[in-house]
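If you read the protein sequences in the order shown, they are chains A and B.
Residue numbering for the first sequence follows my numbering, beginning at 423 and increasing consecutively.
Residue numbering for the second sequence follows my numbering, beginning at 21 and increasing consecutively.
Everything labelled a hint here was simulated from the structure, so no lab data went into it.
Quantities reported herein were computed from a predicted structural model and do not represent experimental measurements.
There could be a bad hint or two in this list.
Stated by the list, open to error - Taking lysine to any residue pairs in the SDA-like style, the calculated list, with each CA pair at most 25 Å apart, reads:
no.: 1; chain 1: B; residue 1: K97; chain 2: A; residue 2: A652
no.: 2; chain 1: B; residue 1: K97; chain 2: A; residue 2: H643
no.: 3; chain 1: A; residue 1: K556; chain 2: B; residue 2: P187
no.: 4; chain 1: A; residue 1: K556; chain 2: B; residue 2: V143
no.: 5; chain 1: B; residue 1: K97; chain 2: A; residue 2: P644
no.: 6; chain 1: B; residue 1: K163; chain 2: A; residue 2: D562
no.: 7; chain 1: B; residue 1: K97; chain 2: A; residue 2: R502
no.: 8; chain 1: B; residue 1: K97; chain 2: A; residue 2: Y543
no.: 9; chain 1: B; residue 1: K163; chain 2: B; residue 2: G104
no.: 10; chain 1: B; residue 1: K163; chain 2: A; residue 2: P545
no.: 11; chain 1: B; residue 1: K97; chain 2: A; residue 2: A645
no.: 12; chain 1: A; residue 1: K608; chain 2: B; residue 2: D112
no.: 13; chain 1: A; residue 1: K556; chain 2: B; residue 2: R59
no.: 14; chain 1: B; residue 1: K163; chain 2: A; residue 2: T560
no.: 15; chain 1: A; residue 1: K556; chain 2: B; residue 2: F186
no.: 16; chain 1: B; residue 1: K97; chain 2: A; residue 2: V591
no.: 17; chain 1: A; residue 1: K556; chain 2: B; residue 2: A111
no.: 18; chain 1: A; residue 1: K517; chain 2: B; residue 2: A148
no.: 19; chain 1: A; residue 1: K556; chain 2: B; residue 2: A148
no.: 20; chain 1: B; residue 1: K97; chain 2: A; residue 2: P510
no.: 21; chain 1: A; residue 1: K608; chain 2: A; residue 2: G637
no.: 22; chain 1: A; residue 1: K426; chain 2: A; residue 2: H643
no.: 23; chain 1: B; residue 1: K97; chain 2: A; residue 2: E649
no.: 24; chain 1: A; residue 1: K426; chain 2: A; residue 2: I463
no.: 25; chain 1: A; residue 1: K556; chain 2: B; residue 2: P150
no.: 26; chain 1: B; residue 1: K174; chain 2: A; residue 2: P510
no.: 27; chain 1: B; residue 1: K163; chain 2: A; residue 2: G563
no.: 28; chain 1: B; residue 1: K163; chain 2: A; residue 2: Y543
no.: 29; chain 1: B; residue 1: K163; chain 2: A; residue 2: V548
no.: 30; chain 1: A; residue 1: K517; chain 2: B; residue 2: G145
no.: 31; chain 1: B; residue 1: K174; chain 2: B; residue 2: P187
no.: 32; chain 1: B; residue 1: K97; chain 2: A; residue 2: E481
no.: 33; chain 1: A; residue 1: K517; chain 2: B; residue 2: G144
no.: 34; chain 1: B; residue 1: K97; chain 2: A; residue 2: G637
no.: 35; chain 1: B; residue 1: K97; chain 2: B; residue 2: G85
no.: 36; chain 1: B; residue 1: K97; chain 2: A; residue 2: L522
no.: 37; chain 1: B; residue 1: K163; chain 2: A; residue 2: L568
Listed here are the chains, written in short residue letters.
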Amino acid sequence: MIDKRIASCAEAVADVFDGATVMIGGFGEAGSPIELIHALIDQGARDLTVVNNNTGSGEVGLAALIKAERVARMICSYPRTTNSTVFPVLYRAGKTQLELVPQGTLAERIRAGGAGIPAFYTPTSVGTPLAEGKEHRTFDGREYVLEHGLTADFAFIKGRVADRYGNVVYNKTARNFAPIMATAGKRTVVQVAEIVEPGGLDPEAVVTPGIFVQGVVHVPHPAHESELVARGESYP
Amino acid sequence: MSTEATGWSREEMARRVALDIPDGSYVNLGIGIPELVARYVPEGRELVYHTENGLLGMGPSPEEGGGEPELINAGKKRVTALPGAAYFHHADSFTMIRGGHLDLCVLGALQVAGNGDLANWSVGGPDAIPAVGGAMDLVAGVKAIYVVTQHVTKNGDPKLVEACTFPLTGRGIVDRVYTDLAVVDVTAEGFRLVELAPGVDEAYVRERTGAPLLPIREPQPQP
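Chain A extracted, bound-state conformation:
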């Protein structure tokens, strides 16, 4: 029998080790798996390399993980969102390194990593400081830079509904990086608000097929970052 359900977020993150690379879904607050991130803070793994588009906001979720000094390196495209106050302090203090990646290159590196493609050429960033030191090559008269695929030891993402096979559908723009991170994580865990019986999802509408998912956690009423920040909450 295939049953990927996991009883709790704590159990879902229990195997994360010091120095692991962790992909965390979300674009801003949309799709941020806050409950899994908070469980990771409780779990205590350190020196993490975290892949996310941003660096969180306020002192909850991803920002709280960074504030707890668990993140040695961020791979992201935009660490300067409103209320992103934690990251600049640790970055300037040299406690969290930054690998800045153009957003589309970040997405394609994750997609490539999940698809077994080690590297690819892209026109993005040619002629800018972000292309410096990278291999360049010309195809049909246009210049491109070589970028490497990206995989992770763990991927933690948020969906709306899943079944025990790990088939997932998402909610609106909360989908963002989750489907590609699911493919690139060696162990992908999705937190969902609802779990249905196999057959409860229309196969034509499944966005992430269960083969890319190793764990499903039920979080019936997920928190929203902006609401926690507005209430002045911090974690832990």
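For this one, chain A is given, so just place chain B on it according to the hints.
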């Protein structure tokens, strides 16, 4: 310098951009004033607005206090989805962007040079937090690039310059610039004035432009 002219407000700049978008276009909207463009679709046209975080068919922002936290735009602000909208993941979103499927991109700027170079992601310097987002992908892949920005910085420095001093987003990629004072094309000969905002004269714009500015092209007589 002459006394302060008013020019276009942020909303008027956004509306002015929308007026130039042809019927049926797929258009990416960036962060800042470009977000406001989603409010405007000229009468009789159908435009599809794209936001890089996974939505085609983006509508204007919801009523104050409305909307939902998982329906947002590139600036992380709440938006709406219009009938006919589609959601998709990031690799698909940037396939649209980098693959040349979008007709137009409207984005902000720190500096634009007369040769079409754009700087809009970092002021450089050791203490700056660089943040690039999707800008480099957009300028590499979208068919036409429109910049919408104030004509000068808060300190009064020109944003239209001979050569960008901030780190580049892309080389030679800007087609047109909309500011609070004017509409300016980037041509093979450099900046060319296209239109002045109401109450703004050419000398006023020239004083606030850090590069040569060709005059408005006179209409050619029909043969």
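Going through the hints against the structure:
1. Restraint check for B:K97 and A:A652: satisfied, since their Cα atoms lie roughly 15 Å apart, inside the 25 Å limit.
2. Distance hint between B:K97 and A:H643 is fulfilled; the C-alpha atoms sit about 22 Å from each other, no more than 25 Å.
3. This hinted pair checks out: A:K556 and B:P187 have alpha carbons roughly 17 Å apart, not beyond 25 Å.
4. With a CA separation close to 22 Å, the supplied pair A:K556 and B:V143 stays within the 25 Å bound.
5. A C-alpha spacing of about 19 Å is found between B:K97 and A:P644, which places the hinted pair at or below 25 Å, so the restraint holds.
6. A hinted pair counts as satisfied when its Cα atoms are at most 25 Å apart, and B:K163 with A:D562 qualifies at roughly 18 Å.
7. With a C-alpha separation of about 15 Å, the suggested pairing of B:K97 with A:R502 holds against the 25 Å cut-off.
8. A hinted pair counts as satisfied when its Cα atoms are at most 25 Å apart, and B:K97 with A:Y543 does not qualify at roughly 32 Å.
9. Taken as a hint, the B:K163 and B:G104 pair is honoured in the structure, with Cα atoms around 23 Å apart against an allowance of 25 Å.
10. Under the criterion of a C-alpha separation no larger than 25 Å, the hint pairing B:K163 with A:P545 is consistent with the structure, at around 14 Å.
11. Restraint check: the Cα-Cα separation between B:K97 and A:A645 comes to about 17 Å, which is no more than 25 Å; the hinted pair holds.
12. At roughly 22 Å between alpha-carbon atoms, A:K608 and B:D112 fall within 25 Å of each other, so this suggested pair holds.
13. A C-alpha spacing of about 40 Å is found between A:K556 and B:R59, which places the hinted pair above 25 Å, so the restraint is violated.
14. Straight-line distance between C-alpha atoms of B:K163 and A:T560 comes to about 20 Å, which keeps the hinted pair within the 25 Å bound.
15. Restraint check for A:K556 and B:F186: the C-alpha separation of about 21 Å stays at or below 25 Å, so the hint holds.
16. The suggested pairing of B:K97 with A:V591 holds, with an alpha-carbon distance near 23 Å, which does not exceed 25 Å.
17. At most 25 Å may separate the alpha-carbon atoms for a hinted pair to count; A:K556 and B:A111 meet this at roughly 22 Å.
18. A threshold of 25 Å between alpha carbons decides the hint, and for A:K517 with B:A148 the separation of about 16 Å falls inside it, so the pair holds.
19. Restraint check for A:K556 and B:A148: the C-alpha separation of about 23 Å stays at or below 25 Å, so the hint holds.
20. Taken as a hint, the B:K97 and A:P510 pair is honoured in the structure, with Cα atoms around 22 Å apart against an allowance of 25 Å.
21. Pair hint A:K608 plus A:G637 holds up; C-alpha atoms about 11 Å apart against a cutoff of 25 Å.
22. The straight-line distance between the Cα atoms of A:K426 and A:H643 is roughly 20 Å, inside the 25 Å bound, and the hint therefore holds.
23. Proximity of B:K97 to A:E649 is assessed by CA-CA distance (about 14 Å); at most 25 Å being required, the pair is judged to hold.
24. For the suggested pair A:K426 and A:I463, the alpha carbons sit about 23 Å apart, so the restraint of at most 25 Å is met.
25. For a cut-off of 25 Å, the pair hint linking A:K556 to B:P150 stands: about 19 Å separates their Cα positions.
26. Under the criterion of a C-alpha separation no larger than 25 Å, the hint pairing B:K174 with A:P510 is consistent with the structure, at around 23 Å.
27. For the hint linking B:K163 to A:G563, the alpha-carbon distance of about 17 Å falls within 25 Å, and the restraint holds.
28. Annotation: proposed proximity of B:K163 to A:Y543 holds, straight-line Cα distance about 20 Å (limit 25 Å).
29. Between B:K163 and A:V548 the CA atoms are separated by roughly 17 Å; this keeps the pair inside 25 Å, and the hint holds.
30. Straight-line distance between C-alpha atoms of A:K517 and B:G145 comes to about 19 Å, which keeps the hinted pair within the 25 Å bound.
31. Taking the CA atoms of B:K174 and B:P187, the gap is near 19 Å; set against the 25 Å cutoff, the hint holds.
32. In summary, the hint linking B:K97 to A:E481 is supported, as the alpha carbons are separated by about 19 Å, within the 25 Å threshold.
33. The straight-line distance between the Cα atoms of A:K517 and B:G144 is roughly 20 Å, inside the 25 Å bound, and the hint therefore holds.
34. Among the hinted pairs, B:K97 with A:G637 is inconsistent with the structure: their alpha-carbon atoms are about 31 Å apart, more than 25 Å.
35. Annotation: proposed proximity of B:K97 to B:G85 holds, straight-line Cα distance about 12 Å (limit 25 Å).
36. Among the hinted pairs, B:K97 with A:L522 is consistent with the structure: their alpha-carbon atoms are about 23 Å apart, no more than 25 Å.
37. Between B:K163 and A:L568 the alpha-carbon distance is near 23 Å, which keeps this suggested pair within the 25 Å criterion.
Consistency with the previously given hints fails for numbers 8, 13, 34, ordered from lowest to highest.
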